[in-house]
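Enquirer: Chains as they are written, first to last, in this note's numbering: chain V, 50 to 869; chain Z, 319 to 852.
Hints listed in this document are in silico derivations from the structure and should not be mistaken for laboratory results. Note that this is a predicted model, so its numbers are computed, not measured. One or more hints might be untrue.
[What the hints assert, rightly or not] Computed cross-link-like contacts, SDA-like style, restricted to lysine to any residue with a CA-CA straight-line distance of at most 20 Å: (1) V:789 / Z:782; (2) V:306 / Z:488; (3) V:306 / Z:477; (4) V:789 / Z:718; (5) V:749 / Z:782; (6) Z:782 / V:662; (7) V:555 / V:644; (8) V:555 / V:662.
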Amino acid sequence: MDSLGSELSKYLLLAWLLPLIGFAVEVLGGYWGNRQDKRAAYLAIACIGAGFLLSSFTFYRWGTETHWQAFAGSVSESGHASVADPSGSDGHEKPDAAHHPHKAAGTETTHGTPGHSETAGAHDDAAHHSPGPSYSGTFYTLATFGSLTLSIDYYIDSLTILMFCMVTLIATCIHIFAVGYMSDELTDEYVDHSAHTSDGHHVHRPGRFHRFFAFLSLFCFSMLGIVLAGNIFQVFVFWELVGISSFLLIGFYTERKSANVAANKAFIVNRVGDFGFIIGLMILWTYCGTFSFGDQDLNGHEQPGLFSMIRGSDGEITTVGDDVILKTVGHNGHWEAPHEGESNRTLPYFLLVIAGLGVFGGCVGKSAQFPLQTWLPDAMEGPTPVSALVHSATMVAAGVYLAARFYPVFTTEVLLTIAYIGCITLFIAATIAVVATDIKRVLAYSTISQLGYMMLAIGLGGWAAGLFHLITHAFFKSLMFLCSGSVIHGCHHEQEMTKMGGLRHKMPITAYTMLIGVIAISGLAIPGSAALIGFPIAFSGFHSKDAIVATALAYTSLNPIHFLLFLTPLVTAGITAFYMFRLWFYTFTGKPRDEHIYSHCHESPAVMCMPLVVLALFAAGCAFGGENGPLYHMIGNSEPLGVASGVEAGGAAGVALPSHHAIHEVHGTAGVVALLAAGLGTIVAFLLYCRPVVDPESIKRQFSGVHGFLVEKWQFDNLYDVAFVRPSHIVGRWCATFDKEVLDGILHSTARTAIWIGTIDRKFDETIVDGLVNVVGNVTRSVGMSLTVFQTGRIRQYVMFIAISVVALFALLFAFMPKA
Amino acid sequence: MDLIFLSVLIFMPTAGALVLAVLFNSKAVEPMRVFTVVVTAITFLMTLQLWMNFDPGVSGIQPEANGVSVEWIGTWNIHYRLGYDGISLPLVVLTSFISMLAALASWSINKLHKGYFVLFLLLETGMLGVFLALDFFLFYVFWEVMLLPMYFLIGVWGGPRREYAAIKFFLYTLAGSVLMLIAMLMFYFGSGGEFSILKLSAIGQGRVPGVQFDEFTQITAFILLFIGFAIKVPCFPFHTWLPDAHVEAPTPISMILAGVLLKMGGYGILRIAFPICPVGAQYGAYCLVAIGVISIIYGAFAALAQTDFKRMVAYSSVSHMGYVILGMAVWAVAQDGNIVVTSGRDYWLMGMNGAMFQMIAHGISSAGMFFMVGVIYDRVHHRDLNQFGGLFALMPLYSGLAAGIFFAGLGLPGLCGFIGEVFVVLSTWNFSPVLAIVAASGVILTAGYILWTLQRVYLGAEYKGPHADEITPMNAREATIGVTLLFMAIVLGVYPALMFDVMNGSMAELVDGMDAGLRAAQQSGASITMTPTP
């Protein structure tokens, strides 16, 4: 198996490094090249496209070598839904299945009752109890200190491969789109209408086509680095690098102050999250002594990775008193806690909680979760392809990815926090999206809200559901961003929806691909189709949101006190459908609100429309089969131990996590209510904005207070400015003043005192000492006068005097020097 | 042979200075510049030769275990003793590297060229001597040798308040030297007449039968030495000479000051204070860590408030050098039976290595930052942060390189600043969770002041200050310096093992030696108490 791991790692390594090479060439080549040259873009596309091919090939190799085990479940379910497999043979064939206890077979027989949904649930349980193989290894070592090693590793499982395929595919589409979108940069004299010099003119500057693609390549490299990373430290490294790529891309229009401010804000707010991240790293590093995800082989000495150390082979955290016993005894992937009396390594439970919260803090920053969500809407200052790639599909999803990857380290308390953070975020962002009128900002808030859904799912124990939504969201949100980019491009950089309307006549491809995205995110499906033909006819978003809502419902029935965790996402599902359809109706239907813009608007060129069509296909169909489909199975193959069976109530939080079986039982109910909510939202949007029976303006007037509050984004920006930004500057000034007044003041007064003492000393010298000296001087002078006889002016005589003196001095020296 | 090679290395710049003083016409400015660059480059190549010859597998000092020496003042047992190990070698190479680049950056000097270059070369001799000397007296001599040229370089070729800055620098450093002198005499008499740093370390670590520094001597000497070196680092609250010196010093001198001179403080602690006084080091560990953390946060806050570009960079140095002190001092101990021993030795080792790496990384990034300030100052003759802007459009190459260098200062992964900072911070929790958290919060402030500066200087629609028409793109010489520094920042950031391979062995010896010293002191009666610290 190791050979497969190292083989896969080579492909992915190449896919990962290609964009970096592209970046280097584009930056250097662009500096010496000319401004009309499109080659930078072609190189960037070639790099990322090759990356996609390599990722796909990796997927193929992985699949054939593991005999497509990950998808075996779906085959057996669709083909022989009711055939139970008592031996659990598909588990046995898994490469490392032998290391895991076979709860699988047991669960199956217990729950293997007749009925389609029940059996499927049981199969899920069976498939997920023994996760698929993961391969880990080291590229190179950064440093070794005694038993501590920091290195650049890889960790490859089905999730890694899936993320690689997703990121490279979407990035390729967006790169191609950007060739068209950024084409106005292909000039020596670009006029930036949004940036003004002090005398009121627009800024003229050379185009920066190559630089854009260089930064995109840098971003792709960093993003793939996060996905491939084999240890949490390495994740942090690339975490920062995507941060800086994001900074560079948001601030791409460096002449615009708003862009610079937004870029700074994005980076600094992310650093606030990273502060937590570092705290988490410090705790894990100090107590576990490793950052590695997977088990490691250090010079023939096997060492458990973080996940094994904390969860062991049974997926449970073992505690004694207030301490977590780290599972360091074992070999070959099978790790257990040391027995009593053996020397053991422990970690206080509350520190494990803090470590989890800290790392999650990093995710909060990166995924723009409450309370650090404020940077993402401002990040829309970047060019639209950037918003599509960085700020919706990939980078912001990295927070969710990390939360999922790090799931084994999270305790139930941390998971509950994650759930509530996600819940608050998804609601706040959705409410703001309802009043936003800038087309990109609506999408930005929608992104925040959807990321909240993913976090919620992970917090509720719906590990696969959260990642499922991550993948589907990446496709439909990047699609919608690109559509909005197409609109903006067509409308000559107009982003206000209040000036649009009726655009579907002018740009049909954009409008209808966008509609696919809108339906997908809203989670609409054809009612009753599931009952009629056995599976629902719906786009990807329905399946993934359905999975999340089902998880929430199952969770709430286990923990009734947390009913908001179900109600909020359900209500927000309705709000989501409302604001997304509002956006679509506003932009593409009705009468043009601004004739000038409408008349100049045009459909985008093929280079921009093709990516839209490709992404629309994926947005519609990538979740084919829902939770029995290949995508979900692929994700489920990486599910950590112990998720499938759920968790009994316990811990300080006292929450239980639902098992797959429990979730599956409520799946039907959840699907119906979620669909109802979405349908309701759609209808309201239709009535308000498409066939106006109620004037939205009057509603706005009636609730002007609420409206203003929402337009001001719940006042977060103002609050943070008053609470953090200004105080920092004030403290900074205090420090500078302290230096100048106090520290230097002490120094200066010391100096003055010294000078004063010196002055007194001088007085003393001049009056008393000099008085005496003058007496001596006078005597000397008279003696000297009498010695003038010796001053003959003859050199030879002088030399003789000197020689005599030197000899005399040496004689004195030797007489008095201490003998060694 | 080795002694001759090392001596030639140290005095190569002095020889150059003599040649310059005697043979060159003081009007021949260009030949003098080129000559200085050539001399520093030869010196750099010689230090690289040293690097090649270094064998990380050999423990102790190279090229010979006790250093290579010749008697100097036999009456007082003073030797001319030289040698290097994994602690000093990286600094030696850094010194010659930064000196070479600073010489290349000296084109902006516009008066009394001959005097400048002579002093510049003498300064380099002093610096190399400090890092290669293994006799405390010799170390002290070189320390002072380096002080005078620096005083004149700031005081004559500096800005408007150069005399104030120069005298402040001089007096501060001199105060530090005096404290060091007292400690030196304490060791000399306490050891029965010994100046060899290696011997003194062996005595301090209890490896010499019959002689030992008692607890009181160790603690007192450590405090004296630490204050002496802390002034040089500089740590809060001894740092106020630094902003003034930097602001007034000409660009190349700022590069040397930040790139090399500050490291002498850290080096002094690692070479002298720690190994000779392990008990004192343990006694002061918490205080040191606290000072390091305060310097990090205080420096960052103060940098945030500056409006002078160079002052901002100077305060960032205070902040970044805080990591050096922090990393060295994270020596956690635990009760083992009836004595106190090191706990979590590998974390301390990591902190030490991180501190050492941070010195190198800061040497590159801060020299780069000061150089970048100098480039724009040479053109527009002001440094007011609020009167820049839009340089990205006017000087694209310069701005790109500057952004890279500033990102290195910001601690961005892939660049050198990250490794030092993050290694130090990661090793701190084992010593003190509270201080670790405070230190980690520095990442937010650092991002704040660096990005805000970048925004005000390089971004924006237009340049807002005077002399707008004198802004010209970087010339080849300037670009060479910038590219070289950025290249090194990337190399060290991506492959830090390059440095760790060299220094890890010596660091491990130091750490284990100090632990042994602590044990030995307790066995001979010293009482080390564990005070619970947050």
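Enquirer: Is the straight-line distance between the alpha-carbon of residue 306 of chain V and that of residue 488 of chain Z 20 Å or less?
Expert: 43 Å, violated
Enquirer: Are the Cα atoms of residue 789 of chain V and residue 782 of chain Z separated by 20 Å or less?
Expert: Distance ~28 Å between residue 789 of chain V and residue 782 of chain Z Cα, so the pair is violated.
Enquirer: Are the Cα positions of residue 555 of chain V and residue 662 of chain V separated by 20 Å at most?
Expert: Judged against 20 Å, a Cα distance of about 17 Å means the pair holds.
Enquirer: Take a quick look at whether residue 306 of chain V and residue 477 of chain Z sit within 20 Å of each other, Cα to Cα.
Expert: Not OK: residue 306 of chain V and residue 477 of chain Z at ~33 Å, beyond 20 Å, violated.
Enquirer: Quick one, are residue 749 of chain V and residue 782 of chain Z close enough, alpha carbons at most 20 Å?
Expert: 43 Å, violated
Enquirer: Run the distance test for residue 782 of chain Z versus residue 662 of chain V: straight-line Cα separation, threshold 20 Å.
Expert: 47 Å, violated
Enquirer: Between residue 789 of chain V and residue 718 of chain Z, does the CA-CA distance stay at or below 20 Å?
Expert: Measuring from Cα to Cα gives roughly 34 Å; hence the hint is violated.
Enquirer: Given the proposed pairing of residue 555 of chain V with residue 644 of chain V, does the C-alpha separation stay at or below 20 Å?
Expert: It holds: about 13 Å lies between the C-alpha atoms, which stays within 20 Å.
In this structure, the hints that do not hold are numbers 1, 2, 3, 4, 5 and 6, in rising order.
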